[in-house]
Amino acid sequence: MKVLQTVAFATLAALCPGAFALPQTAPAIVVAGTVTAVDAANNQVTLKTDKGEMAAIVTTPKTLVLHMPPGESDPKKGNKVLLSSLEPGDRVVAFVRQITAGQPMQASSLIVRTRADLAELQQKDQDEWKKRGTTGTVTATDAAAKTATIKAGQKTITVQPSDKTVYHRYSLDSARFSDAKASSFDEIHTGDQMRVLGDKNEDGSVIKAEKIVSGSFRQIAATITSIDASTGELKVKDLATKKPLIIRVSADSTMKKLPDQAARMLARRYGQGAGGGAGAGDGQVDGRAAGGGAGGGRGRGGRGGDVGQMLDSLPAMPLAELKAGDAIMVSTTQGTDPGRVTAIMLLAGVEPLLTASPNAVRDIMSGWNLGGGGDTGAQ
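In this text, residue positions in the sequence shown follow this note's numbering: the first is 57, and each later residue adds one.
Bear in mind the hints are in silico, worked out from the structure with no lab data behind them.
Values in this document were obtained by computation on a predicted structure and should not be read as measured data.
Where hints are given, some of them may not hold.
To be verified - Computed spacing ranges between beta-carbons, pair by pair:
hint	residue 1	residue 2	range
1	Q100	A175	21 to 29 Å
2	S369	N98	48 to 56 Å
3	S369	E176	26 to 34 Å
4	S240	A93	21 to 29 Å
5	T279	S369	25 to 33 Å
6	Q179	A238	20 to 28 Å
7	E258	Q365	20 to 28 Å
8	E109	R188	29 to 37 Å
9	T116	A372	45 to 53 Å
10	G260	D316	34 to 42 Å
11	D308	A196	47 to 55 Å
12	A372	Q179	19 to 27 Å
A virtual CB, placed ideally from N, CA and C, is assigned to each residue, including glycine.
Let's have the full structure, built from the sequences with the hints guiding it.
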């Protein structure tokens, strides 16, 4: 969410430079971040910037403090407010100049979005992604045409960006949209998980992309060897590589457990015609992850879309329900440390399924949607 908001504020500044111009004697510096403290008596506000740094900013009687209503970018529609009205959690873009190194920066203008504004914008963003968002696995890219092909459930969809398309890429260690970085078409690779916001044509085979969020994730089948509830870390054995791995479960991780009946049903479904060997459940996402390949469990993976809806409907499972010896399917970050990853989605109760079809881990987990467009959903 922060990434999109920063872009929006930067656009506001670019569209209306005169409205927030600093004196000609000092170059303008734009500092964007979240309010952590307000000291109205000393005309100072402290921000945690988007770079993770703390910035102390002071105002003067000439400083314009402008509250912009949600969705507005025209400064004429903003409302002048007092510095004392700001609260921790509000979003601020400050136009400043550095006075002395290590000293507070003096602001000529502060552009403010309140926490309530941000919540409203986030809800609108979530609703938009639910209505017009599509998730799939990238099966091909065309660098010359700048198009990508994704597999979403049983459908193959051509993604057509434009010059106005906004790209972001998930961090290696997080599936949160707030941790995603600005990106480009060139960073999209076959096997990536992709979320696209845009309008489809009548038969749904083409989507005009307004926003694209992509990332490289791992789908893993594993057995738990031990659990550290205090740190939320699972020590597991990767069934494909036979190597140990540490999986961290965070507050953002989605955990579900298949009821026995559902597990047996899926085992029959994926086991019919499953021809892969023990090594077929490779944890890495590849172009076949959504079921585009011929034969075996891969050929059945196109059913992942409706399976994903079924998984979404299951109740959340607490970490306490897991124990050593349990088999799990996990979608994880790639991880800057290959031996330690973070769980995005974890599915327990999968023993019958893995026995019937080692390939099912890729087909099911790659079809289980990531969160929306931005801790939206993330996203």
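Comparing the hints with the structure gives:
1. At about 26 Å, the CB distance of Q100 to A175 agrees with the hint of 21 to 29 Å.
2. In this structure, S369 and N98 meet the distance hint of 48 to 56 Å, their C-beta atoms being roughly 53 Å apart.
3. At roughly 28 Å, the beta-carbon separation of S369 and E176 lies within the given 26 to 34 Å, and the hint holds.
4. Evaluation of the 21 to 29 Å hint for S240 and A93 yields a failure: the beta carbon distance comes to about 37 Å.
5. Between T279 and S369, the C-beta spacing of about 26 Å keeps the proposed range 25 to 33 Å intact.
6. A beta carbon spacing of about 23 Å between Q179 and A238 agrees with the range 20 to 28 Å that was offered as a hint.
7. The beta-carbon spacing between E258 and Q365, approximately 23 Å, falls within the hinted interval of 20 to 28 Å.
8. Checked against the hint of 29 to 37 Å, the C-beta distance between E109 and R188 comes to roughly 35 Å, which is consistent with it.
9. Hint check: T116 to A372, Cβ distance near 50 Å, so the stated range 45 to 53 Å holds.
10. Remark: the range hint 34 to 42 Å for G260 to D316 is upheld by a beta-carbon distance near 35 Å.
11. At roughly 30 Å, the beta-carbon separation of D308 and A196 lies outside the given 47 to 55 Å, and the hint is violated.
12. About 21 Å separates the C-beta atoms of A372 and Q179, a value consistent with the hinted range of 19 to 27 Å.
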